[in-house]
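**Student:** Here is what each chain is made of, one letter per residue.
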Amino acid sequence: MGFGIWTDRVEIDTQGNSQVLDITPQVRGVLERRGLREGQVLVFVTGSTAAVTSTEFEPGLCKDLPAFFERIAPRSIPYHHDETWHDGNGHAHVRASALGPSLVVPVAEGRLLLGTWQQIVLIDFDTRPRRRQLVVQCAGQGEG
Amino acid sequence: MGFGIWTDRVEIDTQGNSQVLDITPQVRGVLERRGLREGQVLVFVTGSTAAVTSTEFEPGLCKDLPAFFERIAPRSIPYHHDETWHDGNGHAHVRASALGPSLVVPVAEGRLLLGTWQQIVLIDFDTRPRRRQLVVQCAGQGEG
Amino acid sequence: MGFGIWTDRVEIDTQGNSQVLDITPQVRGVLERRGLREGQVLVFVTGSTAAVTSTEFEPGLCKDLPAFFERIAPRSIPYHHDETWHDGNGHAHVRASALGPSLVVPVAEGRLLLGTWQQIVLIDFDTRPRRRQLVVQCAGQGEG
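Protein chains in written order, with the working numbering: chain A, 1 to 144; chain B, 1 to 144; chain C, 1 to 144.
In short, the hints are calculated from the structure, not lab data. Here a beta-carbon is modelled for each residue, glycine too, at the ideal position from N, C-alpha and C. There's no promise every hint is true.
Across the chosen pairs, the derived CB separations fall in these ranges [what the hints assert, rightly or not]:
id, chain 1, residue 1, chain 2, residue 2, range
1, A, Asp-13, C, His-86, 50 to 60 Å
2, B, Arg-9, C, Thr-127, 33 to 43 Å
3, A, Arg-33, B, Gly-88, 37 to 47 Å
4, A, Arg-33, B, Arg-9, 25 to 35 Å
5, B, Glu-143, A, Thr-84, 48 to 58 Å
6, B, His-80, A, Glu-11, 36 to 46 Å
7, B, Arg-71, C, His-86, 20 to 30 Å
8, B, Asp-22, A, Gly-115, 14 to 24 Å
9, A, Asp-87, B, His-80, 26 to 36 Å
10, A, Asp-13, C, Trp-117, 14 to 24 Å
11, A, Pro-59, C, His-86, 41 to 51 Å
12, A, Glu-11, C, Trp-117, 17 to 27 Å
13, C, Ile-77, A, Asp-82, 25 to 35 Å
14, B, Glu-83, A, Ser-76, 22 to 32 Å
Listed next, the stretches of chain B that the computed footprint assigns to chain A, with coverage defined by at least 3 CB atoms under 8 Å from CB atoms of chain A [stated by the list, open to error]:
id, stretch
15, 34–46
16, 68–81
17, 98–106
Chain A on its own, in the form it takes in the complex (with noise of 0.2 Å):
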């Protein structure tokens, strides 16, 4: 049993639109899988138009996100990424880098510090169906 970090790759089909995912199972898998008793799981998305939180998962708030970012990033106003690759998802990419693409939540005793009603979640915010790479990073005491 020793101090170390663990790369595994996650992928989830999401689809887009902002649409909000649980992935705490997905999180949650890897850190049994790695033995992690004592660390901390780093949650990263690859690539600019998806990004990482926690919220409470529950069909209400699943609505609740996409109506806020629709209200501080529109899809229908201009942006100028929009003229530099004509594919519509300008709003995708300044509502992903509004977020942050990673999250990094504490692990003691082999479990995930969260509270009851806060789930890790990834929201897609690309104008499509996309199958997004996660990197799950354990870092700590493992059992291996």
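Since chain A is already given, all that's left is putting chains B and C on it; use the hints.
**Tutor:** Only chains B and C this time, still in chain A's reference frame:
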């Protein structure tokens, strides 16, 4: 003296309603008790209606930050979350998810590498006073 | 070759006014000098008027991100912070706190696990050119 990770809990009483609290003294206290010389401190708030960030902790910004969140996620508009729970804190959830529950701060020579006018703050967005649970996790080279 | 944590400082000259700067080359430079093979890089900006996130670094988004922050935290509205200091950068503080001063990026096989169109960026919200201090901290298995 070796590489390790140490998990501490800190309780903070808040007034809710987007109160901004300077938690730098509590984080520094954990750091000093653990004797962390070179490494990082992860500050993570348990629950999904509070968040952690850094700011210059002064009375003006302690009003400006709540005003900012009231502008981007007003308390008075309808939230689907409130249809689920009827507890009137949909705005608090949205604000907390937007800001995020965690912050990682580097440490060198036993000191937090913050700017002179940069403090670690907890913002409690809930609609009532709460006793908040913070996880403060030191990782790195300790004295122990 | 062992587990360790290494703290480096990087200085970046900015124009302020929400300028978006690609700091991926500087972060990669530290990574390579330290020979980090498997682990994480923490990027942290000292001070409370700048922030770190990731984005596709291209000219369009370098205009869209400042426009986004101008929309959600306009420069021209009154801030209580300016009553305290009269330095006219209340909006810069609010924007920086909202985005956050730090980003953790995973590393494997000596490479930052970013997407192809995903760069690490510093956004300087202050109202004047600044020389910014970044802390770049590598944690993990190095070659040394």
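**Student:** For Arg-33 of chain A and Gly-88 of chain B, compare the CB-CB distance with the range 37 to 47 Å and indicate the outcome.
**Tutor:** This hint holds: roughly 41 Å between Cβ atoms.
**Student:** At the C-beta level, are Arg-33 of chain A and Arg-9 of chain B separated by a distance inside 25 to 35 Å?
**Tutor:** 27 Å, holds
**Student:** When you take the CB atoms of Pro-59 of chain A and His-86 of chain C, is the distance between them in 41 to 51 Å?
**Tutor:** 47 Å, holds
**Student:** Given that the stretch 98–106 of chain B was listed as covered by chain A, double-check it with a C-beta distance under 8 Å for 3 or more residues.
**Tutor:** holds (count 5)
**Student:** Starting from the hint 14 to 24 Å, judge whether the C-beta atoms of Asp-22 of chain B and Gly-115 of chain A obey it.
**Tutor:** About 22 Å separates the Cβ atoms of Asp-22 of chain B and Gly-115 of chain A, which means 14 to 24 Å holds.
**Student:** Indicate whether the distance between the beta carbons of Arg-71 of chain B and His-86 of chain C respects the range 20 to 30 Å.
**Tutor:** 23 Å, holds
**Student:** Given the hint of 36 to 46 Å, is the C-beta distance from His-80 of chain B to Glu-11 of chain A inside that range or not?
**Tutor:** 29 Å, violated
**Student:** Go check the stretch 68–81 of chain B versus chain A for me, would you? Three or more residues, Cβ under 8 Å, otherwise it fails.
**Tutor:** n = 5 at 8 Å, threshold three: holds.
**Student:** Do the Cβ positions of Asp-13 of chain A and His-86 of chain C conform to the proposed distance bound of 50 to 60 Å?
**Tutor:** With Cβ atoms ~53 Å apart, the hint holds.
**Student:** Lying within 48 to 58 Å: is that true of the beta-carbon distance Glu-143 of chain B to Thr-84 of chain A?
**Tutor:** 52 Å, holds
**Student:** Is the hinted range of 22 to 32 Å satisfied by the C-beta distance from Glu-83 of chain B to Ser-76 of chain A?
**Tutor:** 26 Å, holds
**Student:** Check, residue by residue, whether the stretch 34–46 of chain B contains three or more positions whose beta-carbon lies closer than 8 Å to a beta-carbon of chain A, and give the verdict.
**Tutor:** Per the Cβ count (3), the hint holds.
Of the numbered hints stated above, the single one contradicted by the structure is hint 6.
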